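Asker: Residue numbers (numbering that gives the first Met the number 0), protein chains in the order written: chain Z, 0 to 339; chain S, 0 to 339; chain Y, 0 to 339.
Heads up, some of the hints might be wrong.
As the list claims (entries may be wrong) - Under the rule of at most 20 Å between Cα atoms (straight-line distance), these lysine to any residue pairs were calculated in the SDA-like manner:
#1 S/196 / Y/150
#2 Y/313 / Y/301
#3 Y/330 / Y/319
#4 Y/333 / Z/196
#5 Y/313 / Z/196
#6 S/330 / Y/323
#7 S/196 / S/277
#8 S/111 / S/144
#9 Z/313 / Z/329
#10 Z/196 / S/89
These are calculated hints, taken from the structure and not from any lab test.
Everything numeric in this text was worked out from a predicted model, so none of it was measured.
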Amino acid sequence: MEMTCQQIAELVGGELVGDGAVTITGLEELALADASQLTFIGDVPHARRWPHCEAGASLINRGLEVEADGRPLIRVDDVDLAMAALLDHVTAPDPRVSVGVDPTASVDPSAKLGAGVAIGPGCVVGPNVTIGDDTQLHPRVTLYDGCVIGAGCVLWPNVVVRERCEVGDGGILHSGVVVGTDGFGYRPSPDGQGIVKIPHVGNVVLGRGVEVGANTTIDRGKFSSTTVGDGSKIDNLVVIAHNVRIGRCVLIAGKTGIAGSTTIGDGAMIGGGCDIRDHLDIGPGVKLAGGSQVMNDIPAGQTWAGSPAQEFTKARREYVAVRQLPDVMKKVRKQLRDMG
Amino acid sequence: MEMTCQQIAELVGGELVGDGAVTITGLEELALADASQLTFIGDVPHARRWPHCEAGASLINRGLEVEADGRPLIRVDDVDLAMAALLDHVTAPDPRVSVGVDPTASVDPSAKLGAGVAIGPGCVVGPNVTIGDDTQLHPRVTLYDGCVIGAGCVLWPNVVVRERCEVGDGGILHSGVVVGTDGFGYRPSPDGQGIVKIPHVGNVVLGRGVEVGANTTIDRGKFSSTTVGDGSKIDNLVVIAHNVRIGRCVLIAGKTGIAGSTTIGDGAMIGGGCDIRDHLDIGPGVKLAGGSQVMNDIPAGQTWAGSPAQEFTKARREYVAVRQLPDVMKKVRKQLRDMG
Amino acid sequence: MEMTCQQIAELVGGELVGDGAVTITGLEELALADASQLTFIGDVPHARRWPHCEAGASLINRGLEVEADGRPLIRVDDVDLAMAALLDHVTAPDPRVSVGVDPTASVDPSAKLGAGVAIGPGCVVGPNVTIGDDTQLHPRVTLYDGCVIGAGCVLWPNVVVRERCEVGDGGILHSGVVVGTDGFGYRPSPDGQGIVKIPHVGNVVLGRGVEVGANTTIDRGKFSSTTVGDGSKIDNLVVIAHNVRIGRCVLIAGKTGIAGSTTIGDGAMIGGGCDIRDHLDIGPGVKLAGGSQVMNDIPAGQTWAGSPAQEFTKARREYVAVRQLPDVMKKVRKQLRDMG
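Isolated chain Z (complex conformation) (with noise of 0.2 Å):
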């Protein structure tokens, strides 16, 4: 990246005051920006902070007031959407594997593939797959029996995908994840003296737009499909357990896991770290605290945390109490004690 503060102003539509000449080689967050690099001011610590930065420039919401030292300012409407397109303005492409199959990948002949499809080194692609234009296929995936992969899909190194498993266009699978394992699922034996595994011959599908994290894993149905909505965006070392059901635009946050045949309602937003018992219903906009461990149903739009989680501001108030108990246990045994 390499850009004047004349040319950034002009190409996020802000207003600029000061040195438009002044050239600006990347982007960083205040506390640790040089002065090559543009920063961005959203509220009124930063503002305060802006003195004492080493920043080269920085984009700032109107409104916002800062001491005037002579280095440029770029006032715009909102610094997250600036700072976004300029991003996607700097961002180099990702890596691409070359259009074709790779002459070390093996594709079955009953695969169909659409145009410009990209098969990396490596890639194993079974028996009536199909895989829509445009995709990519990086080193070493693999597709088994009869899955359908959408037009314009990343799957990066070592993504497996198992038999008849369905991902929607757009989606993006990174390095490591397992889509359509087994289930867990078992039963004991009918002589009392081991357990059986139950077979699970349902699937799993994705829609459009979703994205799962490094080595996540998502279990198939056990009769039916575990499913992700449209647009729903899982993060690293997730575990999403058989015929989960998952809705539109849901955000779930890494190492969170999500037991068998829960269902979480569109646009809830899961936390790092959660724990998500079986057969639950999450309710559409959920949001869920990191770490929260749910035991129960929550209702559509309601905030919860805690371990076992509750709705959030009872979580608060149990939080405070506990924190208190050991100074008021202590005055109230002192209290038994004198009363006999």
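Starting from the known structure of chain Z, arrange chains S and Y on it as the hints suggest.
Answerer: Just chains S and Y, lined up with the frame of chain Z:
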């Protein structure tokens, strides 16, 4: 799947009530089943919901009453066993690797391969590895020097088994499993300036019929072996540290972590998302609720829950008390104030 | 391993008491050792159990007393260091990849390979990658455009290092590690109808001697770098989000998650299964108990525990109070009733 209710009744040894000619094309749980699908009624709540569901027919436990409405019912002793028998009958076999060694695989000449062994594309089999009859290596499995893999095993893509580890007959290792990686052990360097890696010279020994879920890791022992007993089943993204000893027929659900040198007794059932400290003794038959954090030994047969985990009835009593704490504390504070 | 006690005493610089001709074929902890194995006695409890164990001989710290029974003892200043020296001596070297480029690997002509570099089967090395002397790429490692891998590194199977990331000299990345995958960042789409991916233009920089456990993921920075300092060690299945900054010689045990932009100071020790929130400052030398959920900054040198985490003595006091709560509450309720 396409079977008449008559055929299904015969297969499961059940008593048909209604029209045996009704055709079924799938299995589904009651809430989701449509008119072409067979469901199952195993308890009173399901029996009550039967009139409101759309399933075409149902298996039902003898002794349960439902409102008859003309849809076929098949009475059996145990719907779970009947469904399992049906699933076994209708399940397509898992995708298989062709018997023999794929030309893109690399197999050391000193490796001993049993009859019917199938080694898929890109596999790497090291020196002195032994593989039992009919074992399947899916694409890109890596077996390091001196591994012993039993007969009838299935190793899914990208499984790594490090040197000298053993997998018993009938083992299933799902995609991305890593068996025998180094334990996490370090000591201060002699000069006090850093950390030195402790070698782990042991291995991992998995018994017969052990199943390990996708992207789970099992560390090798420091001196001797990390072991998993016959018939035990481990879910996805589980972390098993060095020198852990897991008994027979243990179930461990997803995202659980077991720290170094801890022992889990036969038949234990460990919920998902648990953290179990190092050097503990978890007795045979212990049941552990999901999300438990275990800091103490657990006697045989007990059920524990919570964080830190304790015996289940105590955990529940504590949980109820904590939920009431904010209100009780308010009353107590008033009382303390009133009493000066 | 096959050594006499005399040879062992010489190797560790210890004082032999008893028959130096006794042959030892392995090392084992006291409770598990058999007559052919050497164990170690580093404290009074182990010393007490010596008469009841079956080990053939033992290392023992000078100053500890045990019941003499004819089995050889080797007195040393520090059994842990002596065991480490022995382990170093008896450990077979790790499996190595042959020096050179395997014919099934794909290396871009612009990549710069140091002397003695070993690139295993199925590896993919992208444009402008630099690899230092004697570095080993085990099967199917993928290095994307512009990566810089130091000298003497070992990358185990299926490791993925995304574009422009750096791994310092002597780094060890275990199987399935993903370095530099996209951070989990989205913003509402301008039309309010969905979620838009935020590009992550930064990278990951791992210092010298960093070890990363199997299937762990480290996200690339949004603007600048996600960093891990020299000598830090990260266990299996850890999630490190974008722009996390980890200091030198930090230990992070398995299944821990660290959210975006959090800083971990030099020498910190993070237990397993912890969740650490975003944008926190965890000071140098902090110790964090396993399973902690960290919602606040932690000052240098403190030990914290619990959920939400707090200073250890407070956490313990709270824990004790909560355990007593049901009984105390019962008494308080009675008292409140008695007082009307």
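Asker: None of the hints should be skipped; say for each whether it holds.
Answerer: Hints, one by one, checked against the model:
no.	hint	in the structure
1	S/196 / Y/150	holds, 18 Å
2	Y/313 / Y/301	holds, 12 Å
3	Y/330 / Y/319	holds, 17 Å
4	Y/333 / Z/196	violated, 52 Å
5	Y/313 / Z/196	violated, 46 Å
6	S/330 / Y/323	holds, 19 Å
7	S/196 / S/277	holds, 19 Å
8	S/111 / S/144	holds, 12 Å
9	Z/313 / Z/329	violated, 24 Å
10	Z/196 / S/89	holds, 15 Å
Checked against the numbered hints listed earlier, the structure breaks hints 4, 5, 9; every other hint is satisfied.
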